[in-house]
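Visitor: Put together the whole structure using the sequences plus the hints.
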Amino acid sequence: MPAVDIETAAAVAGDRGTGAPTLRRRPVAGASTPPGDRLFGWLTASAAYFVLILLLGIAVSMAYGGRLAFETFGWQFITGRDWDAVARKFGAFIPIYGTLVSSAIAMLIAIPTSLGIAIFLAEVAPRWLRGPIGIAVELLAAIPSIIYGMWGLFVFAPVMAKYVEPWLNDHLGPLPILGPLFTGPPIGIGMLTAGIILGIMTIPFIASVMRDVFQAVPPTLRESAFALGATPWEVVRKVTLPYTSSAVVGATFLGLGRALGETMAVTFVLGNAHDFSKSLLMPGNSIAAAIANEFTEADSDIYLSSLIALGFVLFVVTFIVLALAKLMLVRIGRNAGTKG
Amino acid sequence: MNPIVRNRQIVNGIVLVTATAATLFSLFWLVWILWTTVSQGAAAFAPSLFTKMTPPPGETGGLLNAFFGSAVMILLAVVIGTPIGVMAGTYLAEFSRGSRVAGVIRFINDILLSAPSIVIGLFVYELVVRQVGHFSGYAGGLALAIILLPVVVRTSDEALRLVPNQVREAALALGLPRWKVTTKVVYRAGSTAIITGILLAVARISGETAPLLFTALNNQYWTANLATPMANVPVVIFQYAMSPYDSWHALAWAGALVVTAFVLTLSIVVRLFFRQRTPR
Chain S
1 MPAVDIETAA
11 AVAGDRGTGA
21 PTLRRRPVAG
31 ASTPPGDRLF
41 GWLTASAAYF
51 VLILLLGIAV
61 SMAYGGRLAF
71 ETFGWQFITG
81 RDWDAVARKF
91 GAFIPIYGTL
101 VSSAIAMLIA
111 IPTSLGIAIF
121 LAEVAPRWLR
131 GPIGIAVELL
141 AAIPSIIYGM
151 WGLFVFAPVM
161 AKYVEPWLND
171 HLGPLPILGP
181 LFTGPPIGIG
191 MLTAGIILGI
201 MTIPFIASVM
211 RDVFQAVPPT
221 LRESAFALGA
231 TPWEVVRKVT
241 LPYTSSAVVG
251 ATFLGLGRAL
261 GETMAVTFVL
271 GNAHDFSKSL
281 LMPGNSIAAA
291 IANEFTEADS
301 DIYLSSLIAL
311 GFVLFVVTFI
321 VLALAKLMLV
331 RIGRNAGTKG
Chain B
1 MNPIVRNRQI
11 VNGIVLVTAT
21 AATLFSLFWL
31 VWILWTTVSQ
41 GAAAFAPSLF
51 TKMTPPPGET
61 GGLLNAFFGS
71 AVMILLAVVI
81 GTPIGVMAGT
91 YLAEFSRGSR
101 VAGVIRFIND
111 ILLSAPSIVI
121 GLFVYELVVR
131 QVGHFSGYAG
141 GLALAIILLP
151 VVVRTSDEAL
161 RLVPNQVREA
171 ALALGLPRWK
181 VTTKVVYRAG
191 STAIITGILL
201 AVARISGETA
211 PLLFTALNNQ
221 YWTANLATPM
231 ANVPVVIFQY
241 AMSPYDSWHA
251 LAWAGALVVT
261 AFVLTLSIVV
271 RLFFRQRTPR
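Chains as they are written, first to last, in the working numbering: chain S, 1 to 340; chain B, 1 to 280.
Calculated directly from the structure, the hints in this document are not laboratory data.
Built from N, CA and C at the ideal position, the CB exists for glycine as well.
One or more hints might be untrue.
[As the list claims (entries may be wrong)] Here are a few chain S residues that sit away from chain B, every Cβ distance over 12 angstroms (derived from the structure):
1. LEU54
2. THR79
3. GLY257
4. PHE268
[As the list claims (entries may be wrong)] For the chain B half of the interface with chain S, some residues (derived, Cβ under 8 angstroms), not all of them:
5. LEU30
6. LEU112
7. ALA115
8. LEU122
9. THR182
10. ALA252
Guide: Shown next as structure tokens:
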């Protein structure tokens, strides 16, 4: 909930352009700014610029720490499949692939579920139920990710291994194209389990933003549609979704940014394997999990540098995704300001 | 009934039932995870959790040093992050109205808010641990501060923007300089919301594991020396859960229960408190 509160606020409220009216004290001719004001203004400004410097610092230090790996391997660092600490040869294709695939599975689960929750809260739930359900969904985000990891390892993975994965093997395994994805030993640890857990974790982030932008739709628009005889679903599809489309996409990007960088939950259930496998039931790896698992074991400069370079790749990817999310959400802010 | 209308009603019904099912689906996971944490944690819960140190495998013990380390590092994060965060929020809300720079800073701050916490851990490792040469509680606190900072910036910015402008104008009309208007009047008006933001940020950093893995590391023993590696609850949970020992698993679950209870209670209490104070 804390994270979601902030996320939502960041995504919706702050960017609707509802700044308080401007207050500028123009100095009277001849009067100078009091020294206290100058000092205070300087202090607050430097704190604000510190935020910029911090992000820049993170980017630069990741690039600097990873320079040895980038220099040694070049593009091979991204495309190479060998991750061999003994031979000191590092290619990050497997973790990058794992990050993308597990996040994709997460999105397949989180996007429809979040949309469902938003529709439920907007059109189905009675007013008194909206608050409690909203809070309950947001509690999913308040649970620390390490708890997801433990639960995943001790409770969820065995369930997957015993019930879900054998079923997938039997029923989806023989299919022509999808088959290889679901063939493999039912051990419970692997890409599919990690992706599902990531999906559950991402639901609250996407759902709460969607709920808030749904609420930002001007009531006149919805009521007009209802007055024409539209069913609730038609109102959602023809009024709410078109009105909020860019924010809905932004919300999913926000969730994607979260899923890509999530560490602890997937570290437990991915299995830390550096072999490529098409099957979603096989152990894999992700950028964040590889860093978490191997960082303290890194015994050579190039190993350490490769892990930091992985961090740089993760940082750049999440930065782009989150920046896109922000831009999409700002757009709805402007729409709400002009149309609403 | 007209078949077209009936079809529309049917489609509508299917969608709304699916939406309800989606909500139940997400609540199902919440209940399952919380139930696991509570039942496993309660089974392993004992008063010695708060009186004994983390044990070697096979022996009994508690998590006292880890709780202490976590508390110290969270406190350090609040001490570092809060002043900078509130100041930055002040600049955004009070001194940069409508400027382009403020927009850029808000944008970057929001990205920092969602940035992967493991990357923040790597950053502090590069910045502090590698320079100093060893892991330390200071580094852990700093990493948590960097996660806390954007939350505080965002919430204090919004809290201060909600303070009515008449308040500022009234204070200025009395001849107060701007800095006194802000610190004595505007802060007071926005204090509840700012404190809420800080508490939410504390709730968020309490369960953070990834940034502590290579900053504070872990310590099997009691230490109050921030310059050395320090035990902390999330990393202890991680190591114990990944270990093959049942006694360590039990301790990990007990720790997980305490952390989850703390975080969820803080989140809910803050929300209720904040609700009461803000008229709608």
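Visitor: A separate judgement is required for each hint: does it hold in the structure or not?
Guide: Hints, one by one, checked against the model:
Listed as a non-interface residue, LEU54 (chain S) fails to keep its Cβ farther than 12 angstroms from every Cβ of chain B; the least gap is roughly 7 angstroms. Interface exclusion of THR79 (chain S) from chain B stands, the closest Cβ pair being 22 angstroms apart, more than 12 angstroms. Separation of GLY257 (chain S) from chain B is inadequate, the least Cβ-Cβ distance of about 5 angstroms not exceeding the 12 angstroms criterion. With a cut of 12 angstroms on Cβ distances, PHE268 (chain S) falls inside the contact zone with chain B, its closest approach being about 7 angstroms.
Taken as an interface hint, LEU30 (chain B) checks out: its beta carbon lies about 5 angstroms from the nearest beta carbon of chain S, inside 8 angstroms. The restraint placing LEU112 (chain B) at the interface with chain S holds, with a minimum CB-CB distance near 6 angstroms, inside the 8 angstroms limit. At a threshold of 8 angstroms, the smallest CB-CB gap from ALA115 (chain B) to chain S is about 6 angstroms, leaving the interface hint in force. Annotation: LEU122 (chain B) was flagged as interfacial toward chain S, and the flag holds, the nearest CB pair being 4 angstroms apart, inside 8 angstroms.
Checking THR182 (chain B) against chain S by beta carbon gives a least distance of about 7 angstroms; that is within 8 angstroms, so the hint holds. With 8 angstroms as the threshold, the beta carbon of ALA252 (chain B) comes within range of chain S, its nearest partner Cβ sitting at about 7 angstroms, so the hint holds.
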